[in-house]
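Visitor: So the sequences go chain by chain: A and B. In this text, residue positions in the first sequence follow our numbering: the first is 1, and each later residue adds one. In this text, residue positions in the second sequence follow our numbering: the first is 1, and each later residue adds one.
The hints are simulated quantities; they were obtained by calculation from the structure and are not laboratory data. Do not take every clue at face value.
What the hints assert, rightly or not - Covered by chain A, per the in silico footprint, the following chain B stretches (three or more residues, Cβ under 8 Å):
1. 1-11
2. 33-46
3. 54-60
4. 68-82
All C-beta atoms in this analysis are idealised placements derived from N, C-alpha and C, irrespective of residue type, glycine included.
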Amino acid sequence: MESVSRRRSLAFRSRDSVINQFRRGWLRAVAFALLWWLLTAGAMGSWLIGAPVVLIATLVSMALVPPFSLSPSGVVYFVPFFIWHSLRGGADVAWRAFHPGMPIAPGLVDYPLRLPPGMPRVFMVNTVSLLPGTLSAELGANCLKVHVLDTRKSVLSELLTVERAVARMFGTSLQKVKGGECNEEV
Amino acid sequence: MTPIDVLSAVLLIAGGIFFLAGTLGLLRFPDVYTRLHALTKADNAGLGLVVAGLAVQAQSWAAVGKLLLIWVLVLLAGASISHLIASRALQRGIQPWRR
Chain A
1 MESVSRRRSL
11 AFRSRDSVIN
21 QFRRGWLRAV
31 AFALLWWLLT
41 AGAMGSWLIG
51 APVVLIATLV
61 SMALVPPFSL
71 SPSGVVYFVP
81 FFIWHSLRGG
91 ADVAWRAFHP
101 GMPIAPGLVD
111 YPLRLPPGMP
121 RVFMVNTVSL
131 LPGTLSAELG
141 ANCLKVHVLD
151 TRKSVLSELL
161 TVERAVARMF
171 GTSLQKVKGG
181 ECNEEV
Chain B
1 MTPIDVLSAV
11 LLIAGGIFFL
21 AGTLGLLRFP
31 DVYTRLHALT
41 KADNAGLGLV
51 VAGLAVQAQS
61 WAAVGKLLLI
71 WVLVLLAGAS
81 ISHLIASRAL
91 QRGIQPWRR
């Protein structure tokens with residue numbers, strides 16, 4: 001009796017996951033179709049090739065990229081944040097490159113990551129490299145080694161801001177720091 | 001010259017200055033890590049400004065979208081590759097330059 005109910009619950013769960021997968025795949029297919037529309041400037045004849053390509057791209061992405069969720073308000077918050085800090089980062093490094101005295105004092109900083117593993121962390125690693133004065137050098141288990149262009153400035157507060165913005169975009173929360181895994185040195 | 005042309009020219013020249021700064025940093029900075037800083041960040045901002053300068057002159061929204069797509073793909077490639085170069089340099093025991 002128990003096994004029957006378990007089997008039924010398993011069947012139910014797998015059907016549920018198929019529906020979920022279909023829902024996720026559908027969103028990705030829409031994104032790929034938009035991309036195709038963009039690349040071909042909306043030429044109708046191109047869909048003869050475009051439709052199969054969108055289908056294949058969706059299937060491949062379902063197989064390779066684990067599901068993740070994005071919060072729309074988080075994305076709206078992140079885009080101007082990123083553009084503003086990119087400009088600041090570019091201006092900062094340009095100033096140091098043009099300055100005759102070349103005011104840099106580089107060093108390595110260990111940053112304890114609190115984002116959940118997977119897509120949010122990879123996104124954080126890439127964002128850190130594009131923002132002012134920081135370059136992600138190595139991603140450890142729960143620790144991001146960051147190369148800093150000027151250790152005289154406080155970088156930790158900026159990394160905290162970036163992490164919070166990334167967490168908000170993926171709609172996840174930050175875990176508590178577990179001590180002893182990441183010794184901070186500046 | 002229309003105001004759009006002026007805006008476009010200002011953005012393109014500003015972008016060019018960032019690219020110049022990135023190249024100067026590549027030549028002047030002392031080690032692999034600091035050079036990566038110069039390239040990733042100055043080129044990110046420079047290409048962003050060049051894309052913005054071209055986008056204000058674009059004839060259609062599809063063209064604007066394509067330009068933005070180019071920027072995003074270059075950002076993605078630049079950030080991932082600079083991370084790979086930096087982590088490989090650390091693995092090989094290359095010490096960061098210190099003043």
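Visitor: Hints first: check each against the structure and report whether it holds.
Guide: Hint-by-hint comparison with the structure:
1. For a cut-off of 8 Å, the count of residues in the stretch 1-11 of chain B with a CB near a CB of chain A stands at 0, and the three-residue condition is violated.
2. Check on the stretch 33-46 of chain B: 11 of its residues sit with their Cβ under 8 Å from a Cβ of chain A, so the three-residue criterion for coverage holds.
3. Against chain A, the stretch 54-60 of chain B contributes 1 residues with a C-beta closer than 8 Å to a partner C-beta. That does not satisfy the three-residue criterion, and the hint is violated.
4. Judged by the Cβ-Cβ criterion of 8 Å, the stretch 68-82 of chain B is covered by chain A as claimed, because 7 of its residues qualify and three suffice.
Against the hints set out earlier in the document, violations occur for numbers 1 and 3.
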